[in-house]
Amino acid sequence: MIEDYTEGTGTAVVGGTERRSSRSLVALFWTVAAVGALLSLVPLWLGDSRVMMGVAVLGLTFACYAVGFNLIFGSTGQLFLCVGALAGIGGYGSAILADRVGLPLLLSMVLATVASSLIGGLLSWIAVRRSLGVIFTGIITLIFSLVFGNLLLGAGGVTGGDGGFHIQTGAGTFLRQTIPPYYLMLALLLVYVSAHGLLRRSHIGWAFRALRDDEVAAELAGVDVSRYRVYAAVIGAAMLGLAGSLFAFTEGTISPTTYGFAQIDVETMVMLAFGGIGTLFGPVLGAAVFTIIDELIQDLGQLRLLVYGALIIGLFLWVPRGIIPTLGDLMRRRQE
Amino acid sequence: MIANLLDGIVLGLQFGLLAGGLTLVYGLGGVLNLAYGQMAVVSAMVVVLSMEAGLSPIPAVAVGLVAGGLLGLLLDLTLLRPVYRLHGEARVLLSLLLTLGLAFMVDGFLSWRYPTKALTLRIGGGPVELLGVRMVRGGVVASVITILVLGGLLLFFRKTTLGRAVRSVIEDEEGARLVGIDPQRMLRLILILTGVLAALVAVTRSLVTPVAVTAGFELTVSALIVTVVGGLGSVGGAVLAGVILGIISTVAASSIGTVLSLIILLGAAAVTILIRPSGLLGVEE
Numbered sequence: 001m002i003e004d005y006t007e008g009t010g011t012a013v014v015g016g017t018e019r020r021s022s023r024s025l026v027a028l029f030w031t032v033a034a035v036g037a038l039l040s041l042v043p044l045w046l047g048d049s050r051v052m053m054g055v056a057v058l059g060l061t062f063a064c065y066a067v068g069f070n071l072i073f074g075s076t077g078q079l080f081l082c083v084g085a086l087a088g089i090g091g092y093g094s095a096i097l098a099d100r101v102g103l104p105l106l107l108s109m110v111l112a113t114v115a116s117s118l119i120g121g122l123l124s125w126i127a128v129r130r131s132l133g134v135i136f137t138g139i140i141t142l143i144f145s146l147v148f149g150n151l152l153l154g155a156g157g158v159t160g161g162d163g164g165f166h167i168q169t170g171a172g173t174f175l176r177q178t179i180p181p182y183y184l185m186l187a188l189l190l191v192y193v194s195a196h197g198l199l200r201r202s203h204i205g206w207a208f209r210a211l212r213d214d215e216v217a218a219e220l221a222g223v224d225v226s227r228y229r230v231y232a233a234v235i236g237a238a239m240l241g242l243a244g245s246l247f248a249f250t251e252g253t254i255s256p257t258t259y260g261f262a263q264i265d266v267e268t269m270v271m272l273a274f275g276g277i278g279t280l281f282g283p284v285l286g287a288a289v290f291t292i293i294d295e296l297i298q299d300l301g302q303l304r305l306l307v308y309g310a311l312i313i314g315l316f317l318w319v320p321r322g323i324i325p326t327l328g329d330l331m332r333r334r335q336e
Numbered sequence: 001m002i003a004n005l006l007d008g009i010v011l012g013l014q015f016g017l018l019a020g021g022l023t024l025v026y027g028l029g030g031v032l033n034l035a036y037g038q039m040a041v042v043s044a045m046v047v048v049l050s051m052e053a054g055l056s057p058i059p060a061v062a063v064g065l066v067a068g069g070l071l072g073l074l075l076d077l078t079l080l081r082p083v084y085r086l087h088g089e090a091r092v093l094l095s096l097l098l099t100l101g102l103a104f105m106v107d108g109f110l111s112w113r114y115p116t117k118a119l120t121l122r123i124g125g126g127p128v129e130l131l132g133v134r135m136v137r138g139g140v141v142a143s144v145i146t147i148l149v150l151g152g153l154l155l156f157f158r159k160t161t162l163g164r165a166v167r168s169v170i171e172d173e174e175g176a177r178l179v180g181i182d183p184q185r186m187l188r189l190i191l192i193l194t195g196v197l198a199a200l201v202a203v204t205r206s207l208v209t210p211v212a213v214t215a216g217f218e219l220t221v222s223a224l225i226v227t228v229v230g231g232l233g234s235v236g237g238a239v240l241a242g243v244i245l246g247i248i249s250t251v252a253a254s255s256i257g258t259v260l261s262l263i264i265l266l267g268a269a270a271v272t273i274l275i276r277p278s279g280l281l282g283v284e285e
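In the order they appear, the protein sequences are chains A and B.
So that you can map any letter, position 199 of the first sequence is 199 in the working numbering, and since no number is skipped, the others follow by simple counting.
So that you can map any letter, position 261 of the second sequence is 261 in the working numbering, and since no number is skipped, the others follow by simple counting.
The following block holds chain B by itself, in its conformation from the complex (with noise of 0.2 Å):
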């Protein structure tokens, strides 16, 4: 029980980070971003490429995580310009569909041109003790991983001038402009801390699973649901939600199987997010 619980947290930190790429870009400039699992399997495969072509395992991670970085940068520069000029709903809709047909592209061109590829990453070293349970290693590093990083994320948000300009455009576009704030700038950035997030997201994954080119659309869905039942913009709210989720996930799985514990999480979710549409801890409009 006590494992699978562990289990649970290490999968709903994955899960928490993840999201909170998802709902940061949504926060702060009403994008939908589906291609976002995509990232996170092409930075993957920027990895094992590197590693193919003869770089040490850290080189190679470093590779991905930059390649992360580009790619936000790219869809910054190109796909979501036209969504720039829009406003409202019919922004979201439009950058839900632009990027749901560059996920396909990436699936259709990285399943055509690498179609067994995955990346996986071993760590050496026998389990280790916690809380009188033996973990994988792999495991506790991922979450270890995470959990420096989404400390930092809060540290950067909370203490950095950048971080409260960032959070400033969430809570009021109008008033950040006014002191002189660029939002289209702020995006830009976090757009490119989220391809950072999602090559993360994709390495500590890969230290518990293999990353599958295909894995792309499973990662998508569940960062899109973790996101809206922590309640869109709010990255605590991701984390609380990727936890709780990623708990349910587990321990359903080992005591019922994995197609009913779907169900169940699935269901879950959809309560939550009919008991509370803006989601466990987004603002009340």
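Okay, chain A solo, but in the shape it has when bound (with noise of 0.2 Å):
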């Protein structure tokens, strides 16, 4: 089941696709149940306490997170590395829509998840223009995010600066009690999942992969290579964007750390590329290991960001392309 959803490299697997293709659409199916039955089951162990909910809600966001940059990075090769700013603009402006304007609820989500949207695809439509590499689009991105971040504190009239904005909107519903928030995340991620698998399913996905195993074979095959580049910008990073709406409400509080990219893009990233960068159900894992991991180190204070770029460092020299990756190969290798 794991090997099903890994991108192959050669053709073999694209070729294979096709015959399967009704066939591994049930599998998506009953992988992405079989992983929200295995997920639903948590508040069951932890619905009692408070703090661990909320670990397991951030989790789960880290896990969107990591399926959003997923298909920007992982898809079509574009190092976003403002991950953190695109979910903040989904947090900050619906909750500003929301508190200060005055919008309902869903609508502020809504209006907040487009923005995010388009300023990841005007991001993506700059760095195709411009024909920025990975190294420069990475600059770009991480420029944009250091702004948004700077942003947030000029701007502390409207966003509260750096004390935090106590959002208003949902206060006293279920959003933020204990266990309905992460249902909600829980199917947020579901929806994610499977809405990526789909997408690798139609002719999106066919480009995809086209593009990313071989730009100049795809452009020559007749793929528009930048276009299928913005769109996966526009539709990660709206993923992004409602991911960080979603977690803002529920969270009820939440400052410019929030969305800071020491915190979210770094982390972000190694959950990915632990999991495996390409991969479908990669983001859920790496997001998983990694949250359990930040809580058993959760003691060792400032030592945990030396555990952490330990991890980093042996991840990347032994493990490069992810766990998910790795695993299918030995487990094909001990079918032959």
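Simulated from the structure, these hints should not be mistaken for laboratory data.
Just so you know, not all the hints are guaranteed correct.
Straight-line C-alpha distance at most 25 Å; calculated SDA-like pairs for lysine to any residue [as the list claims (entries may be wrong)]:
#1 B:K117 / A:L300
#2 B:K117 / A:R304
#3 B:K117 / B:E52
#4 B:K159 / B:P183
#5 B:K117 / B:S50
#6 B:K117 / B:V66
#7 B:K117 / A:G301
#8 B:K117 / A:V307
#9 B:K117 / B:I58
#10 B:K159 / B:D172
#11 B:K117 / A:A262
#12 B:K117 / A:A310
#13 B:K159 / B:V149
#14 B:K117 / B:R137
#15 B:K117 / B:V63
#16 B:K117 / A:L303
#17 B:K117 / B:E218
#18 B:K159 / B:R185
#19 B:K117 / B:F217
#20 B:K117 / A:Q302
#21 B:K117 / A:D299
#22 B:K117 / B:G54
#23 B:K159 / B:R137
#24 B:K117 / B:L70
#25 B:K117 / A:Q298
#26 B:K117 / A:T257
#27 B:K117 / A:P104
Now that you have both chains on their own, put them together as the hints suggest.
See below:
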């Protein structure tokens, strides 16, 4: 089951997909359902503790971020170092629209998600138009992240600045209880994973694979590479914005560090790299493992950073493709 | 206004020196060292600890510079080994990720072991009169040191055989190999040199403001942005971009506040990269 969803590098997998497409669609559905069922048991185990449920919700949020980032970086090779900023546009945007402007909660979430999506698309469009490589796209989006962080601080009158934004909308409803946010975020994650799975089976997914494997060949075969890059960024940024927005309303208080570069981007990247860049379930596995690791080393204080650094180095040295593809290889070898 | 301009040049020269180190390693070896700011901070901490152990400032600074060079050598001998086996974009990406990991390790260890330490070097004596403006003596000394070092670097690359060998590798690695230059040895040499430069930036910065344990990330990001604006692989571009961005930053900070000035600074950098992706003095491909 696992290897069904690792994106193959050669044409063998692409050729086989067509034959299996109806079967693998059923397999996708069952795998998503199994992962969902497994994750929905977590509150039975941790439901008594508000703190632990908060950790679990954060873990799911990171999984959502990782799916969005995966779509942009894993599928089309655009290194977006503004995961936190795009999520923050969703979070701060919807909080401001709901609290300060007075729009209904759902409408404000939709508008903020659209804003995040458009900005993601714009960044991608600029990168494509100027044909910036991986590193330059990374630096431009990193600059965007830093600008966004400073804007949050500079516009303290609207955003609450360093002290944070205490969101009134949704206070006292199920959004701020212990268990419901977990299931909301889980539902969002399952929708994201399914959407990513379906997308890969559509013509957009074909184009993604083609342009990732060999950009020049894809261009020659008639794939409009730049258009599909922008598509990926638009969809991925919408995912980031919506997850950031939902997280803001379940959390009740957000601050610049909720969406900071150091807090969100690095962790998302590590989670995705651990699970497997380009895989469907890598983001979920990575987020789960790193949320647990983070909890285990909670007491180490500043030393946590050291552990994280060592993990990053070990990860990229020894399992650079991530756990899921590596396991898939091992299983395949054993079958043969 | 003139005071701000001079302050901007002081800051910009340091930006330039820092970015120069980053850009040399990138140009020579395709290695993007994201732990560069942390190398500066480690050297600064070595200076602090040496002074606490009873050394007077100048020998302590010397120990710090040696430590910086050793860090560069250590990086070459350990973490960058696997990076050297790759080529092209994969090489840049792996070097970036591994050194990011190293940056976290260093930050984590330092802020756990020495949470409140910072390097501050003070130079006695009153302010110095320059162009009719009174400047803090530390800033002037820092700038003079930085200019001397930049001049030294320029002479090294223009006049000495070793410096020319390094430049030949940046321009054409295959050609350099054909005339008997070992690019790997040049890279090791430059990593040691840039380690010393990082230490020097920490020392000169500490003449103006305290260099705290947590300064690494900020130093790396500033160096990275200045490097890209100046043009990857161009030391002259790094200095030019450093001075321009330094002036923008201090002039804007004094007239509209730090937050907005940072935004303007970053915006200016972004616009430059978009208009000229190869950087101010970079080679157009």
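Run the distance test for K117 of chain B versus R304 of chain A: straight-line Cα separation, threshold 25 Å. holds (19 Å)
Is the hinted pair K159 of chain B and D172 of chain B satisfied, with a Cα-Cα distance of at most 25 Å? holds (19 Å)
Within a Cα-Cα threshold of 25 Å, do K117 of chain B and R137 of chain B meet the stated pairing? Given that 25 Å is the threshold and the Cα spacing comes to 23 Å, the pair holds.
Hey, K117 of chain B versus L70 of chain B, does the alpha-carbon distance stay inside 25 Å? holds (22 Å)
Assess, step by step, whether the Cα of K117 of chain B is no farther than 25 Å from the Cα of Q302 of chain A, and give holds or violated. Judged against 25 Å, a Cα distance of about 15 Å means the pair holds.
Are K159 of chain B and R185 of chain B close enough, with their CA atoms no more than 25 Å apart? holds (19 Å)
Is the Cα-Cα distance between K117 of chain B and Q298 of chain A 25 Å or less? Holds, because 24 Å separates the two Cα atoms, which is no more than 25 Å.
Between the alpha carbons of K117 of chain B and E52 of chain B, is the straight-line distance 25 Å or under? holds (11 Å)
Holds or violated: K117 of chain B and D299 of chain A, Cα atoms, limit 25 Å. The hint holds at about 22 Å.
Has the given pair, K117 of chain B with V66 of chain B, been kept, meaning a C-alpha gap of at most 25 Å? Since the Cα atoms of K117 of chain B and V66 of chain B sit roughly 20 Å apart, the hinted pair holds (cutoff 25 Å).
Given the hint that K117 of chain B pairs with G301 of chain A, does the C-alpha gap stay at or below 25 Å? holds (17 Å)
Between the alpha carbons of K117 of chain B and T257 of chain A, is the straight-line distance 25 Å or under? holds (24 Å)
When each numbered hint is compared with the structure, violations occur for hints 23 and 27.
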